[in-house]
Amino acid sequence: MRKGKAIASIVLLLVLLSLSTVAFANSGEDNGNGSPAEKIERARERFEQAQQNFLNAKDRFEDAKDKWLDAKDKWQRFNRASDRNEFLDKAKIYMLRSTDHLINYLEVTEKRAQKLENLDEADLNSITSQIDAELAKLEALKAEIEATDSNNLSAIAQKVKDEWNTVKAFSKKIVGLILAANTNKAISVAEKIGDKAEAKIAGLDQNGLDTNSANAALAAFRSHIQLAKDKRTEAVAKFLQITDLNSSQQLFKEGHDLLKEARDHLKEAHKSLKDIIREIVKAKKPANTGSDDEDQNQPEDESD
Numbered sequence: 001m002r003k004g005k006a007i008a009s010i011v012l013l014l015v016l017l018s019l020s021t022v023a024f025a026n027s028g029e030d031n032g033n034g035s036p037a038e039k040i041e042r043a044r045e046r047f048e049q050a051q052q053n054f055l056n057a058k059d060r061f062e063d064a065k066d067k068w069l070d071a072k073d074k075w076q077r078f079n080r081a082s083d084r085n086e087f088l089d090k091a092k093i094y095m096l097r098s099t100d101h102l103i104n105y106l107e108v109t110e111k112r113a114q115k116l117e118n119l120d121e122a123d124l125n126s127i128t129s130q131i132d133a134e135l136a137k138l139e140a141l142k143a144e145i146e147a148t149d150s151n152n153l154s155a156i157a158q159k160v161k162d163e164w165n166t167v168k169a170f171s172k173k174i175v176g177l178i179l180a181a182n183t184n185k186a187i188s189v190a191e192k193i194g195d196k197a198e199a200k201i202a203g204l205d206q207n208g209l210d211t212n213s214a215n216a217a218l219a220a221f222r223s224h225i226q227l228a229k230d231k232r233t234e235a236v237a238k239f240l241q242i243t244d245l246n247s248s249q250q251l252f253k254e255g256h257d258l259l260k261e262a263r264d265h266l267k268e269a270h271k272s273l274k275d276i277i278r279e280i281v282k283a284k285k286p287a288n289t290g291s292d293d294e295d296q297n298q299p300e301d302e303s304d
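Using UniProt numbering, read the sequence shown as starting at 1 and increasing by one per residue.
If you are wondering where the hints come from, they were derived from the structure by calculation, not from laboratory data.
Beta carbons: idealized from backbone N, C-alpha and C, even for Gly.
Heads up, a few of these hints could be off.
Derived DSBU-like pairs (lysine-lysine); straight-line CA-CA distance at most 30 Å [said to hold, decoys possible]:
1) Lys-253 - Lys-196
2) Lys-115 - Lys-200
3) Lys-142 - Lys-200
4) Lys-253 - Lys-282
5) Lys-229 - Lys-115
Label-pair restraints from in silico Cβ distances [what the hints assert, rightly or not]:
6) Lys-159 - Lys-185: 13 to 23 Å
7) Leu-240 - Asn-151: 39 to 49 Å
8) Asn-151 - Gln-76: 29 to 39 Å
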């Protein structure tokens, strides 16, 4: 009776697993040598290889699922001991292929992140370290499946199903962190532009030119940049809260909305930057105006 219940549990869990198959989108370390273009090319090649591995694993997963379903149907129709043993053997293979599928999905996600040109090293390291930790868990689960007798698969089946749900949630977190890293890079670029603008304004101020309007535009620029940083930080906090499938959808949406607010502030900062440039030009005009003869005989200052 206990064996019957255990097998029924395996059937139920694997059916749930097949129904909850993640519609994963086709979504190595670099030794630091070579030009940026060469590094990008190597990252692209690693991604393409990981993507092919993922597709191969997906095919093996689907094949194992079909064979398991056939074995289940055969056992239910004839109820022979040999059919039961075949069913359990196919169930074990199905679990192994399911785990391989998850491993290859995470590997292709990692390589996709490494392929992106606009991720800061710190953000990339954080993302890859989290993926590597999850990969280690999956490798341990795979080893446990391989070491388990086919007659004792019930508990392992539950672990496999739980891991699928974990990776579903985990993938949302990683996608969110990649989006946040993209936003962080845009913020960093904007801050550097702001520093250059501030230095330009300081130079005008030292020459006794009126920089009040330019400084006001710079203050607005800095304000929007800070708000973008704050929203980005809040978004990361939301993504990091994703730990299970039940909360993942809502937390991802909240984080995504916060990143949209951050991007809106970056757009406003860009408008303020245009104001800064306009005010710098206006501030310089009085120093460059004079008679027509002076304009013709004196070269324009191109030091800026």
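Against the structure, the hints come out as follows:
1. Lys-253 - Lys-196: violated (35 Å)
2. Lys-115 - Lys-200: Distance ~36 Å between Lys-115 and Lys-200 Cα, so the pair is violated.
3. Lys-142 - Lys-200: violated (60 Å)
4. Lys-253 - Lys-282: violated (44 Å)
5. Lys-229 - Lys-115: holds (24 Å)
6. Lys-159 - Lys-185: 13 to 23 Å: violated (38 Å)
7. Leu-240 - Asn-151: 39 to 49 Å: Taking Cβ atoms as reference, Leu-240 and Asn-151 lie about 41 Å apart, which means the hint holds.
8. Asn-151 - Gln-76: 29 to 39 Å: At 18 Å between Cβs, range violated.
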